[in-house]
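Chain order of the listed sequences is A and B.
4 is the number that the numbering used here gives to position 4 of the first sequence; each next residue is one higher, with no gaps.
Add 1000 to a position in the second sequence, counting from 1, and you land on the number used in the numbering used here.
No lab work stands behind these hints, which were simulated from the structure alone.
Idealized CB from N, CA, C, for every residue including glycine.
Calculated lysine to any residue pairs in the SDA-like style (CA-CA distance at most 25 Å, straight line): (1) K204/A / R178/A; (2) K1055/B / R1071/B; (3) K169/A / D1039/B; (4) K1245/B / Y113/A; (5) K169/A / V1043/B; (6) K1106/B / L115/A; (7) K1245/B / S38/A.
Short derived list, chain A residues pointing at chain B, Cβ under 10 Å: (8) V96; (9) L115; (10) L120; (11) R128; (12) F145; (13) C146; (14) N154.
Among the chain A residues that face chain B by a calculated CB cut under 7 Å, a handful are: (15) D39; (16) L41; (17) G134; (18) A139; (19) T149; (20) A150; (21) E158.
Protein chains: 2
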Amino acid sequence: MKPPEMNHPTDLRGMAASVAARVETSMRSDLDAALAGSDPLLVAVLHYALFNGGKRIRPLLTVLCSRCCGRDDESLYLLAAAFEYLHVATLVHDDVIDRAEQRRGKDTVAARYGLSAAILAGDWLHARSMHLIGRLAGADGLEIFCQATASMVNGEFEQLRYVGDVATKEQQYFDVIRQKTGNLIASTCAIGALFAGADETRQKALAAYGDHLGAAFQVVDDLLDFLGDTDSTGKKTGNDFIEGKITLPLLNALNQATEQERQAVQALMEGDRTQPQAYRQLYALIEHHGGFHSAALTARQLVEAALAALAPFSASSPEEENIALLKELAEYVLARKK
Amino acid sequence: MKPPEMNHPTDLRGMAASVAARVETSMRSDLDAALAGSDPLLVAVLHYALFNGGKRIRPLLTVLCSRCCGRDDESLYLLAAAFEYLHVATLVHDDVIDRAEQRRGKDTVAARYGLSAAILAGDWLHARSMHLIGRLAGADGLEIFCQATASMVNGEFEQLRYVGDVATKEQQYFDVIRQKTGNLIASTCAIGALFAGADETRQKALAAYGDHLGAAFQVVDDLLDFLGDTDSTGKKTGNDFIEGKITLPLLNALNQATEQERQAVQALMEGDRTQPQAYRQLYALIEHHGGFHSAALTARQLVEAALAALAPFSASSPEEENIALLKELAEYVLARKK
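Please build the complete structure, drawing on both the sequences and the hints.
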């Protein structure tokens, strides 16, 4: 995996920073309007949750997808903000569920402001994001968005069901990550296209791009949980094992494993998963069977599928530059170290 | 307070039961469609949360408000179901926040299925309710609904701010209950009218009815927390005191109290609020100053204001019968024992 070429003429990093800045400006003025007269603590909690050094990848996708279908106006950045609201709502609720204390090296909302504030702030963000989507992308956009949200919840339930179960199938893993991550990123792209009035072919193409990209993103996330550098990611490695999550590197290894090794993994899953020794044993087994390497190949294939989905777009302006950025973003997802 | 006249020609109880049955049928078929292929645990949690013996007052309001503006078709019952979804989402998240074990004599969702399931199921219901409102009541309906949700969250934050504070003003109490309960009931009524294509006068009239009714409902709730019969309500009395909530009966008493009594209440609030002796002392002080009686009068006045808001409706059909039911419902809210 090589780092993205940041001196490429399309300059993804510069564009990402400029879009993030415009989205953050939209978020601030939307919050000022929506929170006028609100409780100061609610205002503080929402600002703390939203302005947390996030990468703003979802809003960037909305913006690029709308632009490459020919629309780029002020309200696009507010539409994009709605996807960041939902994403942050999800993170805030997830941190309550996982009882997480830290996110990106800072206290989580739940750790800093308590359980009630975290649940309620997440609910506020849900309502605000749906309000904005309904207003800016109409009933069709809202339907795509709400179905993706429902699907994300279902993915979380399915994931809970497979916890610690070494009989989990690769198909089940992909089903979970498509629901947890792929659908929502697909909806981000599809609604950007819908907002720009794109025809169904383009909407579907961008939705497919987002779906594959989201899956690739999650596979890379699952790889980083083993291979990541804590200084870059701000997260400790081995969390998924502690939580009993069976992710692709392990599934790949289990496919190659002997019956004895499979039983050993089952025993590790049923034992004390917080023991460093248990994690080292699992890690060695995955490495022995090439589980990391083949998961990285899968991520590569998913990114190729994302790129292939962009075929209906021509090389002519205004599509060209934005399609190039979408392609570069897909490469970045693959190469990211955090 | 007298019990509602159930043999009144408009027969509120029979109508409420028939509307509840149709709403529940809509809920079941909507869930079947929306949850096709979903995780069995998610399906179980949602059914457990939704079919819990609830009074279905919010859907009844939507239906009556739409009917008295001239629309009554199959999709009305699905729109009404959306309000029950949001209401139940709120209850499920509230029970997580309050760490409540029981609701209406049954385990709460959080107690039965755990914290993760409760938060996620609430999120699912949020998304589904907004999807339905957006589809059936359009962007204007969604905007009213999402603003009411945001306002409810803000009301919860304000309530947290006033916990244990005997300097709370009556105005602050009413501000909290309008936001927590009034706005959402007002939106239930306003969206019913909007759905039926009512003009702005009627929409506003029904919203005002709902706002006053919601406030009355909350005042009665706060009274029942002191005066309720546990066998009828399924709740213990004195919960608000344990949680440090300063409600209207106490505020009324504090308005009449001497400085010494006020300091005694402050000491009770700062002491161990789980002590039965502390609760008895507070109760006696409220009774001594007529705090229960004057709160009951306030509830009566709020119901009168709700009834007065219905003035723009004429006595002619199809309005007559449904307006009569709305009036009867307001009287029921006042007289309810649970």
